[in-house]
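Q: For reference, the chains in residue letters:
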Amino acid sequence: MSALPPAAAAGAAHAGGYVADPRVRWQEWLPWLLAAAAFFAAPDYLSLGARILIFILFALSLDLILGYAGIITLGHSAFFGVGAYVAGILGAKLGVTDPLVQLAAAAAAAGVLGVLTGAIILRTTGLTLLMLTLAITLVFLEIANKATSITGGADGLAGVVVAPVLGLFRFDLYGKTAYLYALAVLFVCWWLVRRLIYSPFGASLTGIRENAVRMHAIGAPVYFRMVAVYAISATIAGIAGALLTQTHQFVGLNVLGLEPSGELLIMLILGGVGRLYGAFVGPFVYLIAQDYLAKQFPEYWYFGIGLILVLVVLFARGGILGIVDAARARLRRRSA
Amino acid sequence: MEAFLSSLVSVAFHGLAYGMILYVISVGLAVTMGLMGFANLAHGVFAMAGGYILTSSLQHTSIPFPAALVLAFVAVAAGSVVLERLLYARLYSAGELEQVLFTIGLIFMAVAVARLIFGTLQAPVILPDYIKGQYALFGREFPTYRVFLIAVSGVMIAALWFGVERTRWGAMVRAAVDNRAMAQSVGINTRRLFTLTFALGSGLAGLGGALGAEIVAIQPTYPLEQLVFYLIVVAVGGQGSLRGPLVAALLIGFSDTALKYWLPQFGAFFIYVATIALLLWRPMGLFGRRV
Amino acid sequence: MNAVLETRALCKSFGALVVADSVGFRLAPGARHALIGPNGAGKTTLLNLITGRIEPSSGEILLAGEPVTGLRPAARVKRGLGRTFQINTLFRQLAVIDNVALAIAERDGVAGGMFRPASRQRAVIDEALALLATLGLAEDARARVADLPYGKQRLVEIAIALGLKPKVLLLDEPAAGVPSLESHRILEVLDDLPRDIAILIIEHDMDLVFRFAQRITVLSQGAVLTEGTPAEIAADAAVRQVYLGERHG
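Protein chains in written order, with our numbering: chain A, -9 to 326; chain B, 186 to 476; chain C, 23 to 271.
If we strip away everything but chain A, and leave its shape as in the complex, we get:
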């Protein structure tokens, strides 16, 4: 019945529910400490760092619908891409340069799109749902590709102007501001998402994932909740997209379509689905590996990520965090 591996549910970390302790555990501060340490220790890698933070945010938004609510999508890039283009068009064409205004506009656009498309597609399931999610991101890819006067078409939209954050912090050449800005936005979104999955609403999402028929039978407004979480997830994805544009001062076609959606799925699966921090581990490992390997061995890189995906599905359905959990459980049993 469930689309998820057993490791992603009860007993696994951060599955939510009525008896889960919602307090932040000490391990949960580790990513933030690491991010702060990286700022000082690796100043040459801040643009890669910002990219990782942005994809963590994007993966977090996917985990909300995929890991918790069990909605499978091939088109999450639609919201990421729309957010990215809204920020880009505002900064490059319309003279709206305040980063937080751009962010808010991107979030609103993606959120509205999430409500509209969610209301349409969440009435379907299975292959039809997959096809619709894919078709929607392809619609936007077509628009971005063909509406060259607004989007720059295949050349992309360069020269996106982004004013200093809060009028104080200019986006510098070393990417210091970009890194801290992305980190701050990620932190806020993480906190909100975390509240959400520990809330009754979050618990009801896992109920929908586990058994939609029973959710109907206990009188839950299943469709409404799915559209709601889809819109929230879309909003966060839109914010992530806007961050990408702002930190690069550029937006191109590669934010839309099947490939970015597929890569995002790979990152999340690699880290672990429905565990909250799988969305942190996956993009971190994936993007660092990509930075080293993809340039040197582009063909093998694609083959490698495909192979890893196949192996994860066949042998390690909980992803990296699932492996860590299993290893810790084994250690505990041995010491006991």
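Just to be clear, a hint being listed does not mean it is correct.
As the list claims (entries may be wrong) - Computed spacing ranges between beta-carbons, pair by pair:
id, chain 1, residue 1, chain 2, residue 2, range
1, A, V105, C, G158, 43 to 49 Å
2, B, G304, C, R94, 29 to 35 Å
3, B, E187, C, R94, 54 to 60 Å
4, A, A148, B, W447, 29 to 35 Å
5, A, F287, C, E77, 57 to 63 Å
6, B, E350, A, A284, 31 to 37 Å
7, B, S192, A, S37, 50 to 56 Å
8, B, E410, A, A279, 40 to 46 Å
9, C, E77, A, A316, 22 to 28 Å
10, A, W16, C, F36, 29 to 35 Å
11, A, W19, C, G158, 51 to 57 Å
FYI, nobody ran anything at the bench for these hints, they're computed from the structure.
None of the values given here were measured: they were computed from a predicted structure.
Just so you know, even glycine gets a beta-carbon here, dropped at the ideal spot from N, CA and C.
Once you've looked at the hints, dock chains B and C against the given chain A.
A: Frame of chain A, contents of chains B and C only:
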């Protein structure tokens, strides 16, 4: 007026050719989905493999064209049996998410392998002379190759339909699509049935990819780019149906060709929008069974 | 007396196949009512019609005297209609207490809260624990449903439905598939169900039916064959022929 009429005929003809190819490729996915409930997003890999087998055979060997087509069918079908036995079968009872991820992984691997072996450029289709040129039909000239393509596809579709309606295998497939548990309980070996049907569907995809290599260029990203059309054919046509996907494939064939001809600046935009609208109206597809 | 649940001339057909043929049926308040009939008689179909999973071709369904025929399943649940499923329909990867708490939270209208942690919903959690205790599942509250033995999973089926505090409870073969060694637990639980809930039970186990039910309705080929007390049903020749004869004969 005559100019418009001739462009109309031309669009209809090329749309028919593209639609038939799309159907020959996608019908395997529709059946796999209906029979095994398996979301095989990597279906386009089989079509690409068929395409590469044909193009390389014609380019590098002296295998005659018809034999290359047969080879595309047979080799892809045989290869798919290995994949099905080794990998796919492990995931029949898994969740949809696992199937989706697994087959996306296969796509990525296939794209990489194709790029390594064949490079990133599209594979040239070197046709024998007897199939080039024009063919006169009803007082108009048509490209001979496409006439041939439509004829072969038509024969294949007729054979497939006959097979499903009239043979023992077809009866078993229909029974298993209706009710798998029931089919098993009356002694149908669903395991073998799945393998056989999967091989046939993949082989047809290989043949379709090969036949259509001149319409849909064979290149490494083929399975990624074509995926959405296969999904539309199955979702609009209705899973587990044979007739529905044909209607859907022909609709896509005609409308895509017409749009490329008259409104090239919009690309596939209208097809996606029309598909979304259609499924909003009928979530189970045109011929899908309502539960 | 007013019926808490009533169907009037309820019909459903799929093409030429008639699965519900003008079913008229009344459930009294606090009733212990069994619905029996041979396989394919349309028992589960009738249940699905009442709960709204399928729409009737014609006829009417009334809950506490008010028509609910066109209402969505969720709206009927809000009006006091609870059900269990013949095949376990549980949140398998969630803890037992979450299975029940989800239902209680829906009933209380707190299930949509997005900000306060679920674990702060003390009222929901306490009620869930108390309910599990009455069913003898207190020890298993934190276990994952998928890890429970089958008999206990059947109890969770009932627990979820009871969490809704229904006025009418539809039990679809609650003891189906439970080994006889464990089925006495199900029987005890059924005997102890609150008297103010009207219960309609579908069951194949005749011992259970005759022990539990005060009234029995017999369905055959989608239509009501007869209705009466257990003694009347046991003595009915037509029933023996279509059903009991086939079972015990």
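Q: Hint by hint, note whether the structure agrees.
A: Going down the list of hints, with the structure as the test:
1. A:V105 <-> C:G158: 43 to 49 Å: holds (45 Å)
2. B:G304 <-> C:R94: 29 to 35 Å: Cβ of G304 of chain B to Cβ of R94 of chain C: about 56 Å, so the range 29 to 35 Å is violated.
3. B:E187 <-> C:R94: 54 to 60 Å: holds (58 Å)
4. A:A148 <-> B:W447: 29 to 35 Å: holds (33 Å)
5. A:F287 <-> C:E77: 57 to 63 Å: holds (58 Å)
6. B:E350 <-> A:A284: 31 to 37 Å: violated (50 Å)
7. B:S192 <-> A:S37: 50 to 56 Å: holds (51 Å)
8. B:E410 <-> A:A279: 40 to 46 Å: violated (26 Å)
9. C:E77 <-> A:A316: 22 to 28 Å: violated (47 Å)
10. A:W16 <-> C:F36: 29 to 35 Å: violated (59 Å)
11. A:W19 <-> C:G158: 51 to 57 Å: Violated: the Cβ-Cβ distance is about 42 Å, outside 51 to 57 Å.
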